[in-house]
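Taken in sequence, the protein lines are chains A and B.
The first sequence begins at 1 in the numbering used here and counts up by one.
The second sequence begins at 317 in the numbering used here and counts up by one.
These are computed hints drawn from the structure, not numbers from a lab.
These numbers were taken from a predicted model, which means no experiment stands behind them.
Please note that a few of the clues may not be correct.
Unchecked claim - Some chain B residues near chain A, calculated using beta-carbon distances under 7 Å:
no., residue
1, Ala343
2, Gly364
3, Ala368
4, Thr410
5, Asp430
6, Ser434
7, Ile439
8, Leu447
9, Phe534
10, Ile557
As the list claims (entries may be wrong) - Some chain B residues judged to face chain A by a derived CB distance under 7 Å, without partners named:
no., residue
11, Cys339
12, Ala342
13, Gly346
14, Ala348
15, Val395
16, Ile396
17, Val400
18, Val404
19, Val423
20, Val425
21, Pro436
22, Phe443
23, Leu533
24, Pro554
25, Phe581
All C-beta atoms in this analysis are idealised placements derived from N, C-alpha and C, irrespective of residue type, glycine included.
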Amino acid sequence: MREREATVRRFALTDLIFRSVAKGSAILVLLILSGVAVSLVFGAWPALSKFGPAFLGTESWNPVTENFGALAPIYGTVVTSAIALLIAVPIGIGIAVFLTELCPRPLRRPIAIAVELLAGIPSIIYGIWGLFVFAPFLQRTVQPFIISAFHDVPVLNSLFAGPPYGIGMLTSALILAIMVLPFITSITKDVFDTVPTVLKESAYGVGCTTWEVMRRIVIPYTRVGIMGGVMLGLGRALGETMAVTFVIGNAHRVSASLFAPGTTISATIANEFTEADGEIYTSSLIALGLILFVMTFIILAAARAMLMRIERRAGA
Amino acid sequence: MSAASSSLYSRRKARNSVMMTLCVVAAGIGLAWLALILGALLWKGLAGLNLAVFTEMTPPPGEAGGLLNAIAGSVAMTVIAVAVGTPVGILAGTYMAEYGRFSKLTVVVRFINDILLSAPSIIIGLFIYELMVRPMGHFSALAGAVALAMLVIPVVVRTTEDMLNLVPNALREAGTAIGAPRWIVIRSVAYRAALSGIVTGVLLAVARISGETAPLLFTALSNQFWSSNLNAPMASLPVTIFQFALSPYEEWQQLAWTGALIITFTVLGLSIFARSLTGRRI
Chain A
1 MREREATVRR
11 FALTDLIFRS
21 VAKGSAILVL
31 LILSGVAVSL
41 VFGAWPALSK
51 FGPAFLGTES
61 WNPVTENFGA
71 LAPIYGTVVT
81 SAIALLIAVP
91 IGIGIAVFLT
101 ELCPRPLRRP
111 IAIAVELLAG
121 IPSIIYGIWG
131 LFVFAPFLQR
141 TVQPFIISAF
151 HDVPVLNSLF
161 AGPPYGIGML
171 TSALILAIMV
181 LPFITSITKD
191 VFDTVPTVLK
201 ESAYGVGCTT
211 WEVMRRIVIP
221 YTRVGIMGGV
231 MLGLGRALGE
241 TMAVTFVIGN
251 AHRVSASLFA
261 PGTTISATIA
271 NEFTEADGEI
281 YTSSLIALGL
291 ILFVMTFIIL
301 AAARAMLMRI
311 ERRAGA
Chain B
317 MSAASSSLYS
327 RRKARNSVMM
337 TLCVVAAGIG
347 LAWLALILGA
357 LLWKGLAGLN
367 LAVFTEMTPP
377 PGEAGGLLNA
387 IAGSVAMTVI
397 AVAVGTPVGI
407 LAGTYMAEYG
417 RFSKLTVVVR
427 FINDILLSAP
437 SIIIGLFIYE
447 LMVRPMGHFS
457 ALAGAVALAM
467 LVIPVVVRTT
477 EDMLNLVPNA
487 LREAGTAIGA
497 PRWIVIRSVA
507 YRAALSGIVT
517 GVLLAVARIS
527 GETAPLLFTA
537 LSNQFWSSNL
547 NAPMASLPVT
557 IFQFALSPYE
567 EWQQLAWTGA
577 LIITFTVLGL
587 SIFARSLTGR
597 RI
């Protein structure tokens, strides 16, 4: 009897220990994120207190005079990500429609996996491919053609101006589009699968074509989920580092032309951090990181909130 | 049927065929990019693939050499990162799925973990720089490994929680009914049932970190030479590719392509193998 009591007590103790360690690990996940936030604010403080809010609106980035502003990297980040989404969203939704409605059943899984492999390719591979294969191709064929085609069109000729470098904002945006495509595709496909079959069947029953079912039933039904997927893709695009670093050209200026070299927040950090000397220089780079962190945090949090909403509906 | 309504039908049909064709084209574009990238990698990478790549050190500019120290560095840092990140990830996932399935903490941790999962890895690099490199005063392989571990944790947490949630409650109840305490039920019943899924999560995490460059740039830095000192800068395959690809030397660029080929096929192989383990998509 005594022995049994001791065993039960021992079990209770080990269970308590295991439970606390597990809970501690879960709390550690929270600590990591708050640690990231605290360390970035701490590291960015010297720059932020020196430049103040003007840091966000200054284009100059001069390591010699130690005058830094985040406007050019923010502009590059936002523009490249926006163009990437403009390209990737229609294609991603198209692939999802293809996979859920058109593709012969035995081919569905292989094609879905192939598209997801695009997400598995490391970012640096996109970079080296973009620099040595894609950029020269654009420089030789696509860019001269676009420049001459839009030469006399008012707005477009300033968007597509300048010598065809190959590298630049548009090239980065195209590569980002390929990189976020799998995220958008796989989430869109998943939310398409949550549409009750009976809804689609009743639409087909009243004589809708496949396109009409997608356009009028499936896409409106899954709107929130698709938005979530798009925001998740945006979060990826904003923070993508190595691929962009290779092909953006690292020029700290705001330029209207999409063919011009530019820079993004992450590319600036990757290119300059190890070479930065002086406290203000390093701190300005960390301040850029803080801006990126805040941007992606808001976007990703919104994306998750949207996806959680559709998950709850699918579960109910 | 009147002429007007039949033209409406044909218009709707035509519209349908156009849109469906566009969807097929979209799928074609997706697959074409994959083929183009893998094709270029094979084309340029295979040209430089020989035994020396695996047996010789990274060369000085203008000379032939290999990637041995970079590969070894990558393996070393990946092993440490997995050894640090996996237990934490599995334990956190265990708490969320087993002890705190309905607690507020779980909801918050799941939300934060999902954000960490897609957070830019360069931010993690900055974090570890502030946390380890600056206080220690120098770059080190250890800092690189910890940065990678920060990327392992969210992947493992996510898959562990998902996989444990799939274990039927009847199994746990059976374990509890014969008098086993909770932690023995978790260890001998839940973990066993979810084993292949948890292993998948770890493999996916390895696939994720073995190609990561950004968090290593200013934590582990790089090293031209063989180094087994964890407290000193260490070469890694991705960072070496980054430096060599942007260099003007042809030998270095060739090594970068070959390294890129090695990384990509390792990563893709790992993730295909991981998926085949469970047979379901994660």
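Here is what the structure says about each hint:
1. Ala343: 4 Å, holds
2. Gly364: Violated: closest Cβ of chain A sits about 13 Å from glycine 364(B), beyond 7 Å.
3. Ala368: It is violated, given that the least Cβ distance between alanine 368(B) and chain A is near 20 Å, above 7 Å.
4. Thr410: 5 Å, holds
5. Asp430: Since the shortest Cβ distance to chain A is 5 Å, the answer is holds.
6. Ser434: 5 Å, holds
7. Ile439: 5 Å, holds
8. Leu447: 6 Å, holds
9. Phe534: 5 Å, holds
10. Ile557: 6 Å, holds
11. Cys339: It holds, given that the least Cβ distance between cysteine 339(B) and chain A is near 4 Å, below 7 Å.
12. Ala342: 3 Å, holds
13. Gly346: Where the cut-off is 7 Å and the nearest Cβ of chain A is about 5 Å from glycine 346(B), the hint holds.
14. Ala348: 10 Å, violated
15. Val395: Valine 395(B) check fails; min Cβ-Cβ to chain A is 18 Å, beyond 7 Å.
16. Ile396: 17 Å, violated
17. Val400: Violated. Min distance 11 Å.
18. Val404: 5 Å, holds
19. Val423: 9 Å, violated
20. Val425: This hint holds: valine 425(B) lies near chain A, its Cβ roughly 5 Å from the closest one there, short of 7 Å.
21. Pro436: 2 Å, holds
22. Phe443: 5 Å, holds
23. Leu533: 6 Å, holds
24. Pro554: Holds: closest Cβ of chain A sits about 5 Å from proline 554(B), inside 7 Å.
25. Phe581: 10 Å, violated
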